[in-house]
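Order-wise, the sequence lines are chains A and B.
If you count the first sequence from 1, position 112 lands on 112 in the working numbering, and the numbers rise without skipping.
The working numbering runs 285 ahead of the 1-based position in the second sequence.
What the hints contain is simulated information worked out from the structure, not anything from laboratory work.
What you were told as hints is all true, and nothing was included just to trick you.
With the C-beta cut set under 10 Å, the calculated list includes, among others, these residues of chain B facing chain A:
hint	residue
1	344
2	346
3	368
4	372
5	391
6	401
7	403
8	427
9	428
10	478
11	479
12	489
13	513
14	572
15	576
All C-beta atoms, glycine included, are put in the ideal place defined by N, C-alpha and C.
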Amino acid sequence: MKDNSVKPEEKPVPVKADVEKKAVVLQKEDKPVADKIKVGHVHMSGCTGCLVSLADNYGGLLTILDKYADLVYGLTLADVRHIPKMDVALVEGSVCIQDKISVDEIKETREKAAVVVAVGGCACYGNITRFARGGQTNQPQHESFLPVGDLIKVDVYIPGCAPTPQLIRNVCVMAYLLLKGNKDQQDLAKKYLTPLMQLAERGTEACGCDLMYDVVNQGLCMGCGSCAAACPVRAITHEYGKPNVNREMCIKCGACYAQCPRSFFNFDVITGFEGILEAIDGALK
Amino acid sequence: MGTELGNYKLCISARSTDKEILKKAQDGGIVTQIFKYALEEGIIDGAIVSGPSDEPWRPRPFVATTVEELMKSRGTRYNISPNVSFIKEATRSYGLDRIGIVGTPCQMQAVRKGQLYPVGLRDVPDKIALAIGIFCMENFPYQSIKQLVEDHAAMKLESVKKMEIGKGKFWVYGERGQVVQLPLKVTHKYEQPGCHVCLDYVANLADVSTGSVGSPDGWSTVFVRTKKGDDIWSKAIAAGCFETKPIEQVKPGLELVSKLANEKITKNQKTVEERAKFGVNKALRNPYISPK
Ligand SMILES: Cc1cc2nc3c(=O)[nH]c(=O)nc-3n(C[C@H](O)[C@H](O)[C@H](O)COP(=O)(O)OP(=O)(O)OC[C@H]3O[C@@H](n4cnc5c(N)ncnc54)[C@H](O)[C@@H]3O)c2cc1C
Ligand code: SF4
Ligand code: SF4
Ligand code: SF4
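Whenever a hint applies, use it, and build me the whole structure from the sequences.
Right, dumping it as structure tokens:
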């Protein structure tokens with residue numbers, strides 16, 4: 001037997017004897033920088049809570065920016081004045097139609113971005129800005145705020161107020177896999193993103209009432225409680241197992257309906273939860 | 286046997302070794318015993334369970350952080366308990382970093398969707414430490430249970446000691462020894478409608494799932510499904526928490542579980558399909574295809 005005793009800190013170096021003097025590439029760099037996707041954050045009328053949520057991925061965000069995405073546009077984060085070409089635009093906030101710059105910017109976003117993601121309740125559904133009717137200081141005439149989807153085609157929705165760091169993270173990882181992954185990864189990413197794309201197609205109005213219209217009225221509610229857990233303003237309670245929405249409190253963020261397992265439940269993705277969660281975790285290490 | 290039982294690493298018949306737990310457990314006391322073990326070992330900080338409320342047999346989800354509180358959740362209450370409603374609150378007011386949760390198969394689906402698509406569940410996905418699923422053929426609104434017990438079985442809800450669905454009947458046991466059985470033909474129409482599109486019988490997405498079917502009275506059938514589940518289950522076995530028997534050696538065994546799972550899925554799949562042509566060129570929604 002050969003003596004291959006090595007101290008733990010002296011890992012054996014896999015170099016063949018005959019090429020000892022030449023430089024040998026044993027492994028290619030595993031972070032091919034050129035293959036990063038270009039991401040921008042486009043700020044419409046929102047409270048910056050969505051951006052804070054993105055940042056709340058902490059180390060995960062740094063990994064995303066290090067390995068998978070270049071931030072090519074973003075108020076306060078990237079020093080770029082005009083909307084550049086990009087793979088993915090993360091749009092936060094609704095669009096004030098009395099503000100020409102906003103309207104122009106959102107249209108330009110559509111032209112420049114391959115994929116437009118509406119991040120957060122305001123971009124998807126108007127959310128709290130639905131209740132705006134002008135009169136605020138500085139620009140009192142700014143009174144009409146529309147969800148992004150009322151002005152341009154939106155590809156993917158991330159509802160919620162604020163949207164969660166984890167859903168933003170998952171979508172970023174999946175968007176990367178869709179654009180740069182191998183065939184299996186692309187398939188998974190497509191399947192994962194499909195319901196969020198379908199939510200975008202579904203429309204620009206959301207309310208706690210959706211639980212009644214599209215779940216209870218449709219004979220689909222089974223009383224799990226997800227909707228109440230998801231609501232950021234605690235507008236939902238359960239009365240004998242079924243959701244009861246305090247409609248005065250609802251800010252129209254769309255989280256409850258999107259969280260409900262009976263709004264969408266894609267078996268082909270969710271059944272693989274263990275592997276997918278591990279993979280996302282691994283990707284961000 | 287195909288996909289109806291989900292993925293699992295181990296299937297076994299088991300019973301808790303804790304006499305106190307068994308006194309009021311529904312079956313083999315599996316749920317309460319695993320949570321008790323996990324709580325004592327610091328694997329979870331607390332568990333979302335379902336316990337009694339101010340109305341007889343109406344369940345109320347709550348967060349148990351002590352064994353004493355866990356003990357209050359023993360037994361099945363056959364009506365809706367929205368356990369998942371506490372999943373974010375458990376990490377907030379209760380400050381849990383490692384959550385245990387028990388629930389029906391649909392509630393396990395809700396938990397996993399919540400982990401992969403945490404739309405309104407900030408910081409929750411990484412805190413699910415142990416999800417225990419209980420088998421489920423159907424569930425009822427509270428008012429249905431009241432009607433079944435009081436009108437059909439002619440008993441007062443307050444005086445009922447235990448309810449059980451098994452051997453093709455709905456059983457009601459009174460405090461003073463009376464036993465009434467109702468044929469499931471009677472109970473069917475009182476089920477909550479949402480159950481009729483449900484395509485999971487044995488909580489395929491739980492870490493560990495359990496139910497009475499397949500095992501002898503007082504014992505439970507257990508599926509250990511995920512790495513997390515496997516880790517906790519083997520530690521609990523090593524700690525002497527459970528007596529076990531190979532599932533192949535008990536009657537009626539896995540075959541019955543499989544048969545019932547297939548029956549449920551086939552029947553409900555048909556309902557899903559019928560919904561597609563419910564009206565005249567008008568469909569009811571299908572959540573398995575789209576949120577639209
Ligand atoms: C609606 C319903 C239908 C069921 N149908 C079947 C079936 O068809 N076949 C089968 O084998 N088993 C079925 N079960 C499961 C079975 O009745 C037992 O709950 C299971 O075997 C666990 O028993 P145990 O002794 O291990 O748990 P225990 O230690 O007694 O603990 C029971 C646990 O169940 C939880 N619980 C009680 N009621 C509810 C509820 N309404 N919703 C959510 N959680 C609850 C409690 O929080 C507690 O933690 C059903 C359970 C429910 C709630
Ligand atoms: S999340 Fe959906 S299925 Fe669950 S209780 Fe709410 S409306 Fe019902
Ligand atoms: S009920 Fe709550 S979660 Fe649902 S849309 Fe209104 S605010 Fe959002
Ligand atoms: S039958 Fe399905 S939907 Fe109904 S309570 Fe049981 S697991 Fe939930």
